[in-house]
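Protein chains: 2
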Amino acid sequence: MTNYVIGVDLGGTKIFTVLADMHGSICAEIKVPTGAAAGPEKVMERLVNSAAAVRQQCAADPRGLLTVAVGVPGPELDAERGLVYFSNNLGWYDIPLKEILQNELQVPVYVENDANAAALGEHVYGAGSGIDDMVYITVSTGIGGGIIIDRKIYRGVSHGAGEIGHMTIMPDGPQCTCGNTGCLESLASGTAIARAAVELIEQGRGKGILQAAGGRVEDVDARAVAGAAQRGDGEAKMIMSGAARALGIGIANIVNIINPPLVVLGGGVMESRELIWPEMERELRERAFKVPLQNLQLVPAALGSKAGALGAVALALQAVKGEM
Amino acid sequence: MTNYVIGVDLGGTKIFTVLADMHGSICAEIKVPTGAAAGPEKVMERLVNSAAAVRQQCAADPRGLLTVAVGVPGPELDAERGLVYFSNNLGWYDIPLKEILQNELQVPVYVENDANAAALGEHVYGAGSGIDDMVYITVSTGIGGGIIIDRKIYRGVSHGAGEIGHMTIMPDGPQCTCGNTGCLESLASGTAIARAAVELIEQGRGKGILQAAGGRVEDVDARAVAGAAQRGDGEAKMIMSGAARALGIGIANIVNIINPPLVVLGGGVMESRELIWPEMERELRERAFKVPLQNLQLVPAALGSKAGALGAVALALQAVKGEM
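For the record, the sequence lines run as chains Z and Y. Take our numbering: the last position of the first sequence gets the number 324, and nothing is skipped along the way. Take our numbering: the last position of the second sequence gets the number 648, and nothing is skipped along the way.
With a straight-line Cα cutoff of 30 Å, these simulated DSSO-like cross-link-like pairs (lysine-lysine) come out:
#1 Y/Lys645 x Z/Lys152
#2 Z/Lys321 x Y/Lys476
#3 Y/Lys561 x Y/Lys531
#4 Y/Lys355 x Y/Lys645
#5 Y/Lys338 x Z/Lys290
#6 Y/Lys645 x Z/Lys321
#7 Y/Lys476 x Z/Lys290
#8 Y/Lys476 x Y/Lys645
#9 Y/Lys476 x Z/Lys152
Here are some chain Y residues pointing at chain Z (derived, C-beta under 8 Å):
#10 Gly486
#11 Ile488
#12 Thr492
#13 Asn577
#14 Asn580
#15 Ile582
#16 Asn583
#17 Glu610
Just so you know, the hints here were simulated from the structure itself, not pulled from any lab data. Don't be surprised by glycine CBs; every beta carbon is placed ideally from N, CA and C.
The whole structure should be built from the sequences, with the hints applied where relevant.
Given below as structure tokens:
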């Protein structure tokens, strides 16, 4: 392989690194723990080592590396300048990621919001393959989004577009991590599902959920709620369907505003598909306009946790080809 | 003038027709009543006569007409095929507008959603002049919207994008004309403002508003509410600020999802600027992300009721130049 690119998904718990040739064929991928607690310098070291490791696996000449793209969790990120103002997952404040990595790797480095990278990953390698425009929504701890228009990430004027989790759909709703109230994320994320369950338990209810969490309220998470719901627990089912309705409203808003041909849904919460999908779709169909609905495909994500790294590869390739 | 185009804003109460040369310079404009009650055939006749009248005013050769674009109120419109399925303002069902006009005028005719046309009008001739991307929101009887990306109307996959008035921001809110509940339109349009006032009056309150409407509950409209609010009526002020807050939430959602450099606000309700703007902006600033807000200009529309016709002209020119 003469020339190649490297894409990295730099997450709070793992660094996922992928090497691909100029046609986008994946040659190698590795995953290592982020070890964020050890500080940014150690994380950078692991990232640089990961890049060396995938290169070695492909027996690729170091001089063939053209560019590196890195997906990073926000929420406060200047992707254009590659500055991480604040990332709670990484515990970072004011880290000039792009600059540091360019010095280390001696090639152009592109930094992208992780949900945007995952959107591009699903677009190029996953559920959106072959379709020019799509919206990607990932529902896990938080709710992230990415908009693809004309095969490219739609970033808006200051790289802030696609924050679908932070549209208000219930003005007096729960407090969101962003400081706002009633964001989609505050109603339908894994965190929101867990919080609703804990509130129930604190009122002396939610026995089935508590049991699914091994009897420890500290261990109540979205997975425990989904587990209880799967076993038929009424309270757990109600919490899951509340989240599903909120998602349906959020997607309806996207359909009425953006009218995309495709919405791709990923993230851990969406794995409980049978608990979320029917109610979500019912609410969506009630609220979105008919013709846009008829032209909409609503599908699950295809790449799971690889979406971000593959998206970073796709981004690196677009950068090399001047298509960003 | 050798070659020219004609743009038409076909509204429920008036037909506004504009002729422009290939540089977009306006040569003539005329406004006639729509007379929708006389039926679609009579409306078509007035439209065709208006086209002839502006041509005459400019002493333009009939053979120089290259194309005509018409902005039409929906809500159910297949703009691509130029079919009006249903327009309550015009009282039309299943009118093949494009086909009829092409037969009459013997040039290509383009049909566009009226808010999209107005958005393009403000973009080319008004408040968005010189900026590539913007979102236009018109707040009058209903709430319409149009998204401009890269100097063109962003239509989505089935010409349904930009229905900003029909994003849900209060799931259990008032019934909307679209059948949904809690749409932005159901909370902040002129109709919503009037309905809130009438509800108050029916409870035996809202004396100041009723007085502003000449004592007749049938005459209570957004203008009467705004008038009472301007005279310091507390109940009227509360209704106006409720609408303002809803608008702020809607714009915050647009900012977080689309991150536009510019939002242009038009329509009759926005004319009560001092009653709407401060509360709207406060709510927006509370709910949208900081960096996108720093990159946002929020401005009043510049063209008033001419936006639609001028947008139709711009659209006709884009069609001729193959830029649509």
